[in-house]
Amino acid sequence: MSRETLHIVIGGEAGQGLVTVGQILAKGLVRSGFSIVVTQSYQSRIRGGHNTYSIRAGKEDLAAPQESIDLLIALDAQTVSIHKSEMSSEALVVVDSNWNLKGKGFLAVPFQDLVAPRYANIFALGVAGSLLGLSEGIVEKAQEEFFGPNDSAMNEANRKALKAAYQWTVEQTIHFPGLESPSQKPPRLMLNGNEAIALGALSAGVKFLSFYPMTPATSIALFLAAQAEKMGLIVEQAEDEISAVNMALGASFAGAPSMVSTSGGGFALMVEGVSLAGMTETPLVIVVAQRPGPATGLPTRTEQGDLEFILHAGHGEFPRAVFTPGSVVECFDLIRRAFELAESVQTPIFLLTDQFLADSYRAVRPFDLADLSTVYPLQNSPDPAASYRRYALTENGLSPRLLPGRTENLVIADSDEHTEDGHLTEDLVVRKQMVEKRLAKMKILIDQVIPPEYSGDPQADLLLVTWGSGKGSVLEAAEKLRLGGKRVGVLHFSQVWPLVPEQFLPLLEEAKEVVCVEGNAFGQLARLIRRETGFHITRKILRYDGLPITPEYILRGIS
Amino acid sequence: MVTLDDYGTFETAWCPGCGNVSILQALKDALVGLGLKPHQVLLVSGIGQAAKTPHYLRANVFNGLHGRALPVATGAKLANPDLTVIAESGDGCNYGEGGNHFLAAIRRNINLTLLVHNNQIYGLTKGQASPTTPEGQITKAQPQGVPSSPFNPLAVAVAMQAGFVARGFSGMGTHLTRLIQEAVSHQGFSIVDILQPCVSFNKVNTYAWYKKRCYELPDGYDPFLWERAMGTAMEWGERIPLGVIYRNTRPPFEDHFPILKTGPLVGGNVDQDKFQQIVQGFA
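So the sequences go chain by chain: A and B. With my numbering applied, the first sequence corresponds to residues 57 to 615, in that order. With my numbering applied, the second sequence corresponds to residues 51 to 333, in that order.
These are computed hints drawn from the structure, not numbers from a lab. The reader is advised that the hints may include incorrect statements.
Derived lysine to aspartate or glutamate pairs resembling DMTMM-like cross-links, with alpha carbons at most 20 Å apart [claimed, not checked]:
id	chain 1	residue 1	chain 2	residue 2
1	A	Lys216	A	Glu201
2	A	Lys158	A	Glu227
3	B	Lys87	A	Asp152
4	A	Lys536	A	Asp424
5	A	Lys286	B	Asp269
6	A	Lys536	A	Asp517
7	B	Lys324	A	Asp424
8	B	Lys324	A	Asp427
9	A	Lys115	A	Glu192
10	A	Lys115	A	Glu60
11	B	Lys176	A	Asp472
12	B	Lys324	A	Glu285
13	A	Lys499	A	Glu464
14	A	Lys488	A	Glu373
15	B	Lys311	A	Glu285
16	A	Lys216	A	Glu196
17	B	Lys87	A	Asp477
18	B	Lys176	A	Glu482
19	A	Lys568	A	Glu509
20	A	Lys488	A	Glu473
21	A	Lys286	B	Asp321
22	A	Lys286	B	Glu61
23	A	Lys536	A	Glu192
24	A	Lys568	A	Asp503
25	A	Lys536	A	Asp117
26	B	Lys262	B	Glu288
27	B	Lys311	B	Asp79
28	A	Lys286	B	Asp323
Given these sequences and hints, build the entire structure.
Following this line, the structure appears as structure tokens:
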């Protein structure tokens, strides 16, 4: 007997090396041809507490996390008591034999007799690898790469611990149905949402990122900082988020495709800069990785509570677009789209993710690098005969953009209302023209909107509507409901602004029942849809306890 | 050959007798004297009467938000180090709303110049206390007198070993022009705090008040001596020193970024081989 999918959870205190075990195991699974969905659940502390690294694996494409646990690797005793109610039938819990947990469902490992305490987590990794049927060679290689070549004594000890664990495990009599092996192993990258955003930004040609550290967005900046010199960009840790956004605008004004990355609280400080980008028509890409608020909230957990904030952030009226990727691949594709739009429409463009997606590793098909275009800020050349005017009035609202110091023309940008040549004015006729010019650019954004993706049965009895990272779970819940004979459709918004009602309103009107699935308490997408279309989605499945939406959570909400 | 005509003449929104007028003239004289063409210069300002200055001469301009001139100037300088970047704003903008950016700019020591029009009052919003208004001075917003002690920007800058720290006075145009030229030529962060009267809203620190107190640092004064400079920076009241108070040869921020030696950070170029290598790191 083997299973199609299997959910492994490694649990323990912060500082016990559970992320190490998780990362290496996930890499081993990806290289063995499995699809994975990683959920990282951690407390805001460096030592102690209770953290988990969860990997759902399977041979078919997976896009959703799972609640019930098939294999629990407990690095401390409280992990067992916390998770015992979540175990599936035929689950196995790997425990330390010192804890005296024996009997069916437990695999007691005498760590004390087998391995030095420092290498216990690697021994646990070996036990897990062996139980999952992963080749020892693949896990050993992933482990070596993880630790790097620096400490050969430690690497040797790790290798020995892993080998001993594999040997010990095969000698045990264990009833544990493993994973069905994939028939082939196509090349895959192991990437999480933040890494995909950073890679997508690099491929688009980002040249400047300024940030202030904030979970769960920080790793975007850290990754780009590590590649900055190689790829010719500058990453600067600013003194605060206010500086970060203004610095990015200065860099963008001078010609560097620029971005900022933060979470809700940091973005709150950036809001004046969003308005400034809108007024000065300076391209800017803003990545907000959400976590539960208000205020400091739950710093390391997930939520989709900032949709309305992002939609309205910034005083005054100006065009914007908001992308909400539903997968790691969409993170890559949509950050690229954000750069293209920011540069071509000269306005702030948002990418809104959350902690779950930011930290969720997936097995991703390698990108086709040959087709990746890069952005270039000098695409609108002015009429050489006329004197240059930064805010020249045009039919579509786009003014020719030049970069200061790159030509003899003077480039003048102003946060005050301004004339066509960029100087402040209180001429109210000009004011009206300039508002209309800026807002005319909405049409360019509307023409390029990514329609929400519909999948499933036409004329559904039940239509599940969602946005952002909820996608995988909603699709899987719909699949399960179909097995029960229901006609179910799914509508996923990977762009929530601007909305074009003709693209989705008929689907809402035709469905017998519509349910909105969101990671917040207000039902913010449902409210937005009502505001823009008049269509009132009354039934909602909402999650705001800091955990990601799972298929099981949705099914419980439906029934 | 660059002339004053290249920088143009514009009608201003300032009061007759405002110190801003002579600071604008000194800035233009300084840029002409340095042989800089308008398109080589980027003026970044915040909000306030001083922050309007960039609208009154020909140059590249980013007139941003209150307090944020330095972050914008920093980003622009990093994106294009070939630009001569000058941040120009008032005491409220730079020392109040933008205080954190002022400290960070000194630490970075990025090669740009900060000109602070310091009239010790808020002019645009009509007469509230600024961070440099003396303790006890009565204003409409502080009718019992300003309850906080004033900020000493130059003492802070010297204490933090800023690259170039100077004070000028709008009433001494030639001297100010020279200071601005030295500041712009300095490789690193340079600040010129420029005392000026506000004829409408500051009836205490008038032209005559400054004229009576300001004196030029003597020829023998060595601005490289930090401890003496600390003393000079603390001098205020009956005697106010003008000139280059402190300077050093700290390497500018840009030296930490080798990629800036290859020119501006404009888009359009992604090294596909290097990118491919990075992607393969995830296989």
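Now for the hints, and whether the structure bears them out:
For a cut-off of 20 Å, the pair hint linking Lys216(A) to Glu201(A) stands: about 16 Å separates their Cα positions. At roughly 17 Å between alpha-carbon atoms, Lys158(A) and Glu227(A) fall within 20 Å of each other, so this suggested pair holds. Simply put, Lys87(B) and Asp152(A) have alpha-carbon atoms about 75 Å apart, too far for the 20 Å limit, and the pair is violated. The straight-line distance between the Cα atoms of Lys536(A) and Asp424(A) is roughly 33 Å, outside the 20 Å bound, and the hint therefore fails.
Distance restraint check for Lys286(A) and Asp269(B): the Cα-Cα separation of roughly 48 Å exceeds the 20 Å cut-off, and the hinted pair is therefore not satisfied. Between Lys536(A) and Asp517(A) the CA atoms are separated by roughly 14 Å; this keeps the pair inside 20 Å, and the hint holds. Of the supplied pair hints, the one linking Lys324(B) and Asp424(A) holds, its CA atoms being roughly 15 Å apart against a limit of 20 Å. About 16 Å separates the Cα atoms of Lys324(B) and Asp427(A), which keeps this hinted pair within 20 Å; it holds.
Proposed proximity of Lys115(A) and Glu192(A) is supported: the alpha carbons are some 19 Å apart, at most 20 Å. For the given pair, Lys115(A) sits about 7 Å from Glu60(A) by alpha-carbon distance, which is consistent with the 20 Å threshold. Proximity of Lys176(B) to Asp472(A) is assessed by CA-CA distance (about 19 Å); at most 20 Å being required, the pair is judged to hold. A threshold of 20 Å between alpha carbons decides the hint, and for Lys324(B) with Glu285(A) the separation of about 11 Å falls inside it, so the pair holds.
Using a Cα cut-off of 20 Å, the hinted pair Lys499(A) and Glu464(A) is violated, with the two alpha carbons roughly 32 Å apart. The suggested pairing of Lys488(A) with Glu373(A) holds, with an alpha-carbon distance near 12 Å, which does not exceed 20 Å. Taken as a hint, the Lys311(B) and Glu285(A) pair is honoured in the structure, with Cα atoms around 12 Å apart against an allowance of 20 Å. A hinted pair counts as satisfied when its Cα atoms are at most 20 Å apart, and Lys216(A) with Glu196(A) qualifies at roughly 10 Å.
Between Lys87(B) and Asp477(A), the direct Cα distance comes to roughly 19 Å. Compliance with the 20 Å bound is thereby established for this hinted pair. With a C-alpha separation of about 19 Å, the suggested pairing of Lys176(B) with Glu482(A) holds against the 20 Å cut-off. Restraint check for Lys568(A) and Glu509(A): the C-alpha separation of about 19 Å stays at or below 20 Å, so the hint holds. Of the supplied pair hints, the one linking Lys488(A) and Glu473(A) holds, its CA atoms being roughly 10 Å apart against a limit of 20 Å.
Pair hint Lys286(A) plus Asp321(B) holds up; C-alpha atoms about 9 Å apart against a cutoff of 20 Å. Our distance criterion of 20 Å between C-alpha atoms is broken by Lys286(A) and Glu61(B), whose separation comes to about 49 Å. For the suggested pair Lys536(A) and Glu192(A), the alpha carbons sit about 35 Å apart, so the restraint of at most 20 Å is broken. For the hint pairing Lys568(A) with Asp503(A), the CA-to-CA distance comes to about 30 Å; that exceeds 20 Å, so the pair is violated.
Among the hinted pairs, Lys536(A) with Asp117(A) is consistent with the structure: their alpha-carbon atoms are about 15 Å apart, no more than 20 Å. In summary, the hint linking Lys262(B) to Glu288(B) is supported, as the alpha carbons are separated by about 8 Å, within the 20 Å threshold. Taken as a hint, the Lys311(B) and Asp79(B) pair is broken in the structure, with Cα atoms around 30 Å apart against an allowance of 20 Å. Among the hinted pairs, Lys286(A) with Asp323(B) is consistent with the structure: their alpha-carbon atoms are about 11 Å apart, no more than 20 Å.
Of the hints listed earlier, those the structure fails to meet are numbers 3, 4, 5, 13, 22, 23, 24 and 27, in rising order.
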